[in-house]
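For the protein sequence lines, the chains are L and F, in the order given. Under the working numbering, the first sequence has 664 at position 377, and the numbering climbs by one with no breaks. Under the working numbering, the second sequence has 540 at position 33, and the numbering climbs by one with no breaks.
Incorrect hints may appear among the rest.
In silico lysine-lysine, DSS-like type, Cα no more than 27 Å apart, as pairs [unchecked claim]:
| no. | chain 1 | residue 1 | chain 2 | residue 2 |
| --- | --- | --- | --- | --- |
| 1 | L | K653 | L | K961 |
| 2 | L | K653 | L | K728 |
| 3 | L | K295 | F | K511 |
| 4 | L | K419 | F | K511 |
| 5 | L | K753 | L | K648 |
| 6 | L | K425 | F | K511 |
| 7 | L | K653 | L | K667 |
| 8 | L | K648 | L | K709 |
| 9 | L | K431 | F | K511 |
Note that these hints are calculated values from the structure, not bench results.
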Amino acid sequence: MTTDHRIKTPVLQVENLAISYETRKGDVPAVRGVSFEIQRAEAYGIVGESGCGKSTVAFGIVNFLGRNGRIVDGHILFQGQDLAGRSQGELRRIRGDQIAMVYQDPMQALNPSMRLGDQMAEVLTVHRSMEKGAAWEKCIEMLKRVYMPDPANVMRRYPHQVSGGQQQRVVIAMALLNGPALLIMDEPTTALDVTVEAAVLDLIAGLQRDFETAIMYISHNLGVIARVSTKVGVMYAGEIVERASVEDVYLRPFHPYTQGLMRCVPRLGMDKYSSYLYPIPGRVPPPSNLPPGCIFEPRCHYAREECRLRKPELRLVGFKHWARCHFAKEIAEQGWTPPEGVTAELAARTERAKVAETILKVDHAKTFYEAPSKKLIGGKKQYVKAVDDVSIEVRRGETLGVVGESGCGKSTLVKTIIGMEKPTDGEFEFMGIDIAAPVSKRNLALIKDLQMVFQNPDSTLNPSFKVGAQIARPLQRFKTVPSDQVRAEVIHLLEIMRLGERYYDRLPRQLSGGEKQRVGIARAIAGRPELVLCDEPVSSLDVSVQAAVLNLLMEIQTELGTTMVFIAHDLSVVRFFCDHIAVMYLGQIAEIGPAEAIYAPPYHPYTEALLSAVPIPDPGTKQKHIRLSGNVPSALNPPSGCRFHTRCPRRAEMLPDGGKICETTVPPWQEVGKGHRICCHIPLERLRQMEAVVTVRDQVEGKEEINVG
Amino acid sequence: MLVKNYMTRHPLLADPAMSTVEAQRFMGENDIRHLPVVGDGKRLLGLVTRQSLLIDPGRLGSLDVWEIARYLSALTLKDVMIKAQEITTVEQDTTIEEAARIMVENRIGCLPVLDDGIVVGIITEVDLLAQLMEMMATRVPGVRVTVRLPDERGELAKLVGTIAAQEWGMLACGGAPAPKDPTKWDAVVKIRDVPQEEIIAALGTIEGQEIVDVREV
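All chains should be built: construct the whole structure from the sequences, respecting the hints.
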């Protein structure tokens, strides 16, 4: 089908847009000189770290800037008509219901006190004065279109009665009810599991094709952007620094910031022995205090005198490829050499990888939560089997990664180990001591040796205590150092964390997210623990900060020989950081073994599905397309036999009789070798025949194919 | 081949309060000839074509130059548009030939596509011509042959059977009654990657059929 004769007017044309927020300290220019175009039925990605003004641009388009925000310059042409500088009434008429927006948190977009059906139908009855019955029918139809299972039933539920992925589907369906010409999606999958995220991204691509809706897709995740969009704008500190097609930005980035972003995310298949993450030094400058020349100059490796004095313009550096850098071409041509000292560290780390004694041994661990019986009187007690028969071993100096979808029991496992949850059954042995007792009954020496880093540093740091005092607390409690040396030790720890003495007297609210997480880590390692349990320590951080924190954790491990258990949902990070990996599903381990073995065939079918869902920031990569249907079943009443059988995409094709055995019999552990074990009925030979999930095509060589994962 | 696959989705729309002066500029800048006028929820209220913007000089004749300026600046689309009840529209599931018939019979150039009174797209004569182009595989090089065959059952099968026997690929196939001969039918086929002579040799020998035109395109 041709589209040549169609209208050439872009759906959205942003020209030289500048948005400022009025504050007591004067106007803060949050967005400056942003220009881009979104053609019909095109997906445009906007990528950048938090605080770069991505969302402000989106809010500017829908005029949702709040009382103190306003567009100070530029034009926003939507379907050929300018939106800037119009009154609310005029805007409403021009925009009509042609722009829809989907936000990060579906729970905030849905009214918790209304049934989903009523909320959805309201869109049609209010905007289009449609009959209630007809609107209801139309909503069911739209829910079917977003692959919502059992839509008629879902319509009668309240938002809290459906899962996060389903909530986001409802929000997307709602956004599409009016057939918008432009759909703005602000981090729509960030809060979702990797498997759900993959399904939602597929859905978005399908809807874009069918409804010819233009999409503006905002994300901090380079992989997600590579999967959904055709063109990308990279934003930094309120400006677009690079703008081109997805391939050009990912394979031939010109701007040093884009290059830096690429280097600080671990690619699937990279590990800590052969590669290094290069964090971008410093942090995004606040919009109220911008450098006079190039905004990226203070963090740029290539910065020269000219960058400090003169502000670069966005200029053409290739075919439809724009970059805001004085020396873009030069930098791209000369290639990149890592800063000195990095390669040496890499070698030092390789030496350390040798077998050591077992430090933590968990055998047949079970942690059940009691669930209230549904009957008023009597009735059998029910249990949520959060961790059900899990056995792991961790050796000294090693890192064990635990991965799995949310609700699979990863966090419960580490909480049980550290004593915050009471185990129902099983043996827990740490350095030869039984640690089945809760933390309140443990002796101080044990508590000192077992520490934890939490996901959200905001909720684990006391907001009214100074950083120094919070790090000093474990030092005093465990008497790690004599009391007159506590302050010196805290400063030493702050230095290890690359924070320095000036942070000693700060309060948590004066720190950025990454800095807070570093304080959290400093506090955990203050008592020189043997084992640190990290529960998603980098999930809430920006990619450049994430790289810095990961590097820091590795340095600590090298220097202090700390053992770690590392929970994360990002499989690239886990592959990069961990020596051994356990894949958990519904309270049980599905596959466990050395990191490199987990990411190559033979796979457990669940691992295979997880890997194929990882968004990869490289458009040249081929990835198998496997999508799990449905959600993780309830741990209150787990499926019989193999717990994964309800969603397993492989059993029907790989086992005789359509995999009937999976429904009745618990699968056996199959030894692959080198400690790699898979819990599955499918014979190992069949599992070995699986193709690798991810194939990276080397763009430079053109021919060579490298299999990773 | 239904309207929904060939229409322009998300067309440019206008508000009835838009001034005709602005509409003139808007249509010119975006190079469009038809502008649906919609109210709340994209409900169709009217349609503006370049013709609706031509103002009858008779209406202005009696006004002096200042009054003309005032008259023009006050004129909105609401005053000049074709009203909704006079507009012929189609549904998304209408076939494109039906859309073509409506356009031909009413001598109009565009049909708004509605779903429950809501504008979901617009289909114009250009869309249909583009589709004709695609049906004849205009963009792909090949040999285009017109064969005149008797208007009888089985004749087209004979032609297609001959092409199939040669294991040639057919890019496009269309047909229409032959001009000025009610007993004959003209079939146009387009064949890829085969020399013209071979095609003439193979198709020229079919009994009762005659090649009236052959060319490389």
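Hint by hint, which ones does this structure get wrong, listed from lowest number up? The structure conflicts with hint 5 only, although it agrees with all the remaining ones.
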